[in-house]
Structures are given as structure tokens and as C-alpha cells.
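Same order as they appear, the protein sequences are chains A and B.
Just so we're aligned: the first sequence equals residues 1 to 377 in our numbering.
Just so we're aligned: the second sequence equals residues 1001 to 1236 in our numbering.
The hints are simulated quantities; they were obtained by calculation from the structure and are not laboratory data.
Keep in mind that a hint or two might mislead.
Within a straight-line C-alpha distance of at most 35 Å, the following computed DSBU-like cross-link-like pairs (lysine-lysine) qualify [what the hints assert, rightly or not]: (1) 17/A <-> 1122/B; (2) 43/A <-> 80/A; (3) 80/A <-> 100/A; (4) 43/A <-> 17/A; (5) 207/A <-> 114/A; (6) 1117/B <-> 17/A.
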Amino acid sequence: MRVLLLTWNTTRRAPLKTITLILLFAIAIVVFALISELSRVSKQGLDEGIARDSGELGTYEVAFGNELNGDAALRDRVEKRVAMAVGGELVASWIDLPSKRSECPPYDKVGDTKLRVMWSASGEPVPLPFGETAGLETRWCLDGLEIPQSGFYLADESRRATLGERLYLRPDYADLVRLSDVSPVTHGFTLHVGRGDASPQILGEAKYLLAEQAMRLGVEPETLVSVWRVDQDADSVRAAAEGISTTYEVMRWAVLGLAGAAIVAMQTTTASHRAWFYGLARAMGTRSRSVVTLIATESVSIIAGGALLALALLALGQGLVYDFAKSSFGVEAHVINLSLFSALVVGLAIAMALAIAVPVVTILRRDPLSVLEAPRG
Amino acid sequence: MTTPVVELREVALTFNHGGRTVHALSGVTVGFASGTSAAIVGRSGSGKSSLVAVAGLMRAPSHGTVIIDGTPVTGHERARTAVRARTVAMIFQSFHLDPRLTAQENCMLPWFLGVAKHTRSKAARRADNLLERVGIAQLARRPIHAMSGGERQRVAIARALFSEPRLLIADEPTGNLDEDTAANIRALLFSLPTDTGASVVVVTHDMEVARGADRILRLERGKLVGRDQLQTAVLP
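Start from the sequences, fold in the hints, and give me the full structure.
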């Protein structure tokens, strides 16, 4: 408490340095918050754009050979184990029905069309927006029966890279299609791994799991399974996006780091200039702990003051930033958010630790007597 | 015989300076009793500052013993700090006052730093009383930067007295002052043993200052020399 009072008494009479450092740190935090949000918004936009154009990175489809059509339990086991082995997420299981040609317009004109029925990993039908067919009249006629438009979903441009250019059929109508054709269906599943080099691993794992069955059937394991990557090869675009994201990340931490370094340097310089004061304090019999408290109080005051001022500025300017981002980029930007707080807590803790430790070590390493008077003998 | 506040027995101080060993003090035996004053004189490099550093518990001797009130002080820094806080105060040539604080606040520095145990109001009253004793009561609220050298040294003396030290060490206290001011400060310092009962030790080059002390100790090459050294064995 006494040290706080002393710090207050000294600071209020010569406030320029403290105010300058508080302002510097507040500005750094505001810039940090703005860059963080800009980074998040940009990354989100880029990721969405890339996913729309090229599909989600590291998405694979695995198709089983027709020989396994009768063994649902084995297929189920392979799906789960492969997903676990490659550290991926099982997105969906599906059945590709034999290509069919509608007997009524407009698909009677476009020839054979692929149809897929899809279930989620939990076994429920994937909630696709059935009825939406990208503006096409998608009435189907098969053997004199009609499947209405509400039985189909055709991916629009935003999901085509992920779902492909096939018609998704509501599971209720799957039997109708199967009855119209005796050709075998193809079972398979979609897996999201998040990286583009997992095909060999997925194939290897599936072959390993199917080896026994392949032996029983007298075929090679590779005839029972095939793997392909769904997302288009957009590695250069993804790398560029990752680069932009990394640049933002470096920028935001560099801003905070530079401000922190400035405070550490300023506090250390101040402590060195005032070495006589700390030497005097120690000559008076002040414990090292009190000297540390004295230095820490000033550093903590500056950093905490800067953080509070920054939060006040961000709270005041949040509406402006939101409106600007909405009107300029069409995105919702929230400069005060949970991730900002968690990043700030880490950043401030490091800045505080250094702004205390460096001056304290600088001071305590010096001989108190030598800083009070030049040695004369 | 009075037990000295601080007694040095066969003290030696050596340190390494630029790769060679310097014998700053060697076989020094001396004591400083309450209510007395002593002046330490000697050429530059004779060991004056080393002697007060050891007597003021700022440095542990390389050899020998420092005894405070009859009890030897260990070399442990924490123990020396605790004893120093309740026994010793120092005054410096360049005052070492915080220019951002007033005279009263500078005087209260031991309280701010937790060395002196008073309530705030009691500490402020004590500072005012000490400033009155050193003759600058009217300047208590004045910031240091608006004071003359003599006034600053008076504040430094008041601050040194704040913790009621048993041993007051003044290192060239008049070195930065003009002749008249130096004479006033000298008179003030040498009146303290009688007024406060403290032992005052003044390190000086100036024989005029030294003559005001009860005794003069001369140091040469880290050793006490001459008649005065014999006097120290028999404490006043």
C-alpha cells in the first residue's frame, strides 16, 4: 500500500512517461484487436471461398467393391476404423445408385444421371434441402412412377465442389429407384481428414481391414476398395491463403510484441537511471522484495492502464468497426470477443513478466553502494 | 566502558578489480560509540569508502568481524539488511533525493519503503519535526527541485534521522556545497551525537570538516595509521 502511494506520488508529478507508455500500449492493443478481427474475417472469407470453389481441404470418398454389398457390418467397421486410423471425421455414408435416365423432361434429354442417397455418420439421413435443385425442374419419371422435385437435391454453386454434380435422392425414394434396375449399387463413405496427402494411408488402412475378406473371396484387397480425393487440387491457393493468415498472425503479435518490448526497454532504462534510488532503498535496509514490488507496481500500472484504456476505446469504437466491416466487406466484425481476450491474457502476461523481470534483474545485479557514489577508495 | 554501536575487529576487505586482487582494508579494528563523532580521512584509494561500507553493513568483510551492539553480524545478506535497517543511515555527497517528491515525502522515504513502522500521519508528523530540527520546517511541502544544495542536504539529513539510526554515516556530506553552507551542515552534523545520541561518522577529504569531529581516523592503503588508531582501541 505504501509502495502504491509512493508510486502514485512520483507518477502524478511527472506523468509524461507513464501517460506516453499507457497510450502506446493502449494503441498497440487496439491495433492488435483490429488486426486480429481483420485476420479472422479475411481467413473466414478466404476459407469459405476456397471451400466453395475447391471443396473442403482433405475430403476423401471411399467406395467399396460390389462384392461387399451384402456385408453391411463389415463396411460399417471399415468406415469407423479407417476414420480413426487417419485421424479423420466420418462425414457421411452413401449409396450410389445405378445411373438412370428420367423418362420425362428435362432429364430425358440429358441422358444417364448419377443418383446418391446419403446418411450421416450416426445413421440418420443427411438433412439436405430436398426440393432445391438449382433452379431446374427436376421431376423424374421411372417405370411410369413419378418422383417429385421435393425428392431431389442438386447442389448449387456454393456446395458443388463438396457434393459434386450429382442428384441427391431423398432416402424414401431409394427403393423405387433400385426396383427399376437390377444393376448393383456402390456403397461408400466420405471422410474429412483436413490434409491433402491422406489417400495412400486411407487406402492402405482399408486394404488391411479387408485383407481377410479378400482372401475369402479369392480376390486382391485393392479390388474391394477405391479412394479418391474430393476437393480439387487447390494447394497453391490454399498455401497463399495460409500465408496471408500467417502474415496477419505475425503482424498482430509483432505489434503487441513491439509495444511490450518498448515498455520493457523504457522500464529498464528508467530503472537504470534511477539505480541510485533503488541503491538508496537497499542502503536503508529495504528488502529486495520491496524493490521488486516498487518496480512491479509501475510496470503493472502501465500495462493494466493500457489494457483498460484499449478496452474502453474498443468498446466505444466497436459499433463503427461493425458498420464499416458490414458495409465494406459484407462481414460481421466483433473487435471485442473471447479469442481476443484469451490472446490478450497471454500477451499481457508475457509483457508484464518481462517488464518486471528485466528491470528487476538489471537493478538487483548492481551493487547498491556503487550506484550511490563513484568509488573513491 | 560503553559498548560501541558498531565495532570492526581485524577486518579485511579484498575484491577483484580487472583481474587483480585489491586489498581495500587490512586488519582494521575500530569502534564507534553512541553520542560520539568520528571523521575518517585519507587519500583517494586509501579505503575510506570501503571502511564505511563495511561499518554500514553494505559489504560483508572478507575477513574479521563486524559487531553491532555486542553481537556479531553474519555475512548473510538478509540478516545484514535487517540489522542495517534498524541501525544505520547514510548521507551522500549528491544528496540522492527524489526530485519528484516534496521535502516531507523524501524525508518519509523509509516509511514509504516499509523500513520504518509508523502510521501515515505519525510518519508525516515525524518528518515535519525532523525538518524543523534541521532548520527547514517552512520548506516541508516544497519539491526538491526548487531547493538549494544546502537545503537538499538538510532534507537528506532529516531523512537519515527518520529511522532513528544508531550509526549515521556521512560520505563527503559537504562536497557539493559552498563554504558557508558547508560550515552550517558541518555544525548540524556534529551536533547530532549530542541531540540524538547517535554515533556520527563523516568521511571527508576536508580537514576543516574533520576537525569538528571528536576524533579523526586516518586511513592509508587500507590500514588505520597514526595516533588515532590507538585511540580507537580504547573507545571514548
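Original post:
For this structure, which hints from the list above don't hold up?
Top reply: 4
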